[in-house]
Amino acid sequence: MTAGAPSWTFTEDDFGAITGSMRRFLDDTNSMCAMLVDKSGQLVTTVGSAPGLDPTTFATLTAADFGANDQLARILGETDFTTLFHQGERESVFVADVARRLILVVIFDSRTSVGLVKLKLKPQVEELTALLDVAMSRSRLGVPQQEKLLHGAEQEIDDLFQW
Amino acid sequence: MSMINYASREINCKIVYYGPGLGGKTTNLEHVYGKVKPETRGKLISLATETERTLFFDFLPVDLGTIRGFKTRFHLYTVPGQVYYNASRKLILKNVDGIVFVGDSQTERMEANLESMQNLYDNMAEYGYDLTKMPFVVQYNKRDLPNAAPVADLQAALNPGWEVEEPAKCRVTPDPYHAGENLVEQIATGEWVERAPFFEAVAVNGDGVFDTLKAVSKLVLKALA
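In order, the protein sequences belong to chains A and L.
Counting from 1, position 136 in the first sequence corresponds to residue 136 in my numbering; the numbering is continuous, with no gaps.
Counting from 1, position 209 in the second sequence corresponds to residue 209 in my numbering; the numbering is continuous, with no gaps.
Pulled out of the complex, with its shape left as it was, chain L reads as follows:
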């Protein structure tokens, strides 16, 4: 739930990077931290184990600009990807405004991706949040690795789409980020489905990191408009 502070003229929103362990969630935040101007970001806080595995969360506040005289301040969080830490992961999702699912493109991590995606849906449902009705984007990370699965396979497994319930939304909506593809379309069986926007990334080089952040932040602000 975003918070608008009229006294300090700030719109504060919470974005959570979710996904399997070692998928690159922390790397996304580290790249943002390294690239944005120091005056527009706060400290990068990492609650990690001695071996740099996220234990509780990473946190980075960034200002993305001013709109209608209000500073748009985004609080970026990662969750611990390891299955073991579900209690911590769930805590971080509380009052989230937007989700980035960071998938690991390596074929051998497909099962871990699926497990994490299911876990995300389950944890959101426990808070009464419907992932299909909130700002949500998917990032396929590690696209540079030789064992990366084709994007079509990742899409089919992790972002196959959900059925559109509102008749008003049942119209072809082009994917603004991928020419020739649609976010909402009618499939062969006649159903209308909607998919989350997706991005390819090599977070360790920064490729796709800001595209992902921009997309989810924009969706979060548009949800307020």
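The shape of chain A in the complex, shown without the other chains:
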């Protein structure tokens, strides 16, 4: 169960496994770009590319979009909308919940079909959920690395703001 884990840390191996899985998904579906975004809008990773795409902005707006739709679902008595689809003339976007913690964003164009992306999306979400479960359960056992990273760095932080 991954929901509600307060913090977690990816190791390089986790990160490699997650990006590898997303790359395979891009190849299998012939999509342009896939992003993994934290529900607070922070970009975790991106693979592939789309012309003119600013991943940071895209990640933030996706999280807001997903958050707003999550609330709409609750108003309707649904627990959540696990997948959203935005159809454009040239490019379209699928957005899916992963482990109730992250959001998978897939951008694709006419070189593939909605049906194929949708078909492959479900097993992809399951695969990512399994990978995240491993990372999160490990984080629950050990001290998160982020607590150590800036430990004792008070002076360096002060120096950073000498502008």
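Any given hint could turn out to be false.
Said to hold, decoys possible - No farther apart than 27 Å at their CA atoms in a straight line, the calculated lysine-lysine pairs in the DSSO-like style are these:
| id | chain 1 | residue 1 | chain 2 | residue 2 |
| --- | --- | --- | --- | --- |
| 1 | A | Lys39 | L | Lys169 |
| 2 | A | Lys39 | L | Lys71 |
| 3 | L | Lys169 | L | Lys43 |
| 4 | A | Lys39 | L | Lys214 |
| 5 | L | Lys94 | L | Lys222 |
| 6 | L | Lys90 | L | Lys222 |
| 7 | L | Lys214 | L | Lys133 |
| 8 | L | Lys222 | L | Lys35 |
| 9 | A | Lys39 | L | Lys222 |
| 10 | L | Lys94 | A | Lys39 |
| 11 | L | Lys94 | L | Lys43 |
| 12 | L | Lys71 | L | Lys35 |
| 13 | A | Lys39 | L | Lys43 |
| 14 | L | Lys214 | A | Lys120 |
To be verified - Rough simulated footprint, nothing fancy, chain L against chain A, three-plus residues with beta-carbon under 8 Å:
| id | stretch |
| --- | --- |
| 15 | 33-41 |
| 16 | 55-61 |
| 17 | 65-74 |
| 18 | 149-161 |
Unchecked claim - If you want a taste of the chain L side facing chain A, the calculated C-beta under 8 Å gives, among others:
| id | residue |
| --- | --- |
| 19 | Thr51 |
| 20 | Leu55 |
| 21 | Phe59 |
| 22 | Leu64 |
| 23 | Gly65 |
| 24 | Gln82 |
| 25 | Tyr85 |
| 26 | Ala188 |
| 27 | Lys214 |
| 28 | Lys218 |
| 29 | Leu221 |
| 30 | Leu224 |
Hints in this document: simulated from the structure, not taken from any laboratory.
Think of the CB as a built atom: it goes at the ideal place given N, C-alpha and C, for glycine as much as any other residue.
For this one, chain A is given, so just place chain L on it according to the hints.
Only chain L this time, still in chain A's reference frame:
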């Protein structure tokens, strides 16, 4: 909740500017956007109505420098100040690392300030966040207006302080930004209280904007140390 990305060597933190409608939250972000070097900031995104009132949020990513080889990247958000948009406002607070409350100094906006501050505490509490235990600064904006209330009145109404519970924190802590004032002190009734750091600002001219941002960013990073 800050996110540390070891792959891209980035520390990502989320700061939210909160406060009553037309108080100057968006103006704060616009000033930051205009003043920082283009290579250290992303796009300023505004989800606003046709009359430029914030509908959902404004968003600006800025890099504030490198620490221990990690880029410190702050995501600055504003919320819609209008009472009507509480659902959107609450969404933006999710996983926040630091809060700036932008108060409107005009005397006639005091009630709106109080309502917004109460709303902030309520929305934070719904997520289980305790505002008194996280990076939080208050900015009194529009100090140049003739109808601006005295800072002492604003402090008394909006930042009167909260009781300090930990005995270790019960010691006089000077306010580094205001000589002769304290952030933690014992009041006449014998209780120890702590107040959020505060800043005076005229956001439209940029006065106080970076002081506020620096203070809250520093508190956020120190919370990780």
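Checked hints:
| no. | hint | result |
| --- | --- | --- |
| 1 | A:Lys39 with L:Lys169 | 34 Å, violated |
| 2 | A:Lys39 with L:Lys71 | 21 Å, holds |
| 3 | L:Lys169 with L:Lys43 | 40 Å, violated |
| 4 | A:Lys39 with L:Lys214 | 26 Å, holds |
| 5 | L:Lys94 with L:Lys222 | 20 Å, holds |
| 6 | L:Lys90 with L:Lys222 | 25 Å, holds |
| 7 | L:Lys214 with L:Lys133 | 19 Å, holds |
| 8 | L:Lys222 with L:Lys35 | 25 Å, holds |
| 9 | A:Lys39 with L:Lys222 | 24 Å, holds |
| 10 | L:Lys94 with A:Lys39 | 8 Å, holds |
| 11 | L:Lys94 with L:Lys43 | 21 Å, holds |
| 12 | L:Lys71 with L:Lys35 | 19 Å, holds |
| 13 | A:Lys39 with L:Lys43 | 20 Å, holds |
| 14 | L:Lys214 with A:Lys120 | 45 Å, violated |
| 15 | 33-41 | holds (count 4) |
| 16 | 55-61 | holds (count 4) |
| 17 | 65-74 | holds (count 3) |
| 18 | 149-161 | holds (count 11) |
| 19 | Thr51 | 21 Å, violated |
| 20 | Leu55 | 11 Å, violated |
| 21 | Phe59 | 5 Å, holds |
| 22 | Leu64 | 7 Å, holds |
| 23 | Gly65 | 5 Å, holds |
| 24 | Gln82 | 17 Å, violated |
| 25 | Tyr85 | 11 Å, violated |
| 26 | Ala188 | 33 Å, violated |
| 27 | Lys214 | 5 Å, holds |
| 28 | Lys218 | 5 Å, holds |
| 29 | Leu221 | 5 Å, holds |
| 30 | Leu224 | 4 Å, holds |
Checked against the numbered hints given earlier, the structure breaks hints 1, 3, 14, 19, 20, 24, 25, 26 and satisfies all the rest.
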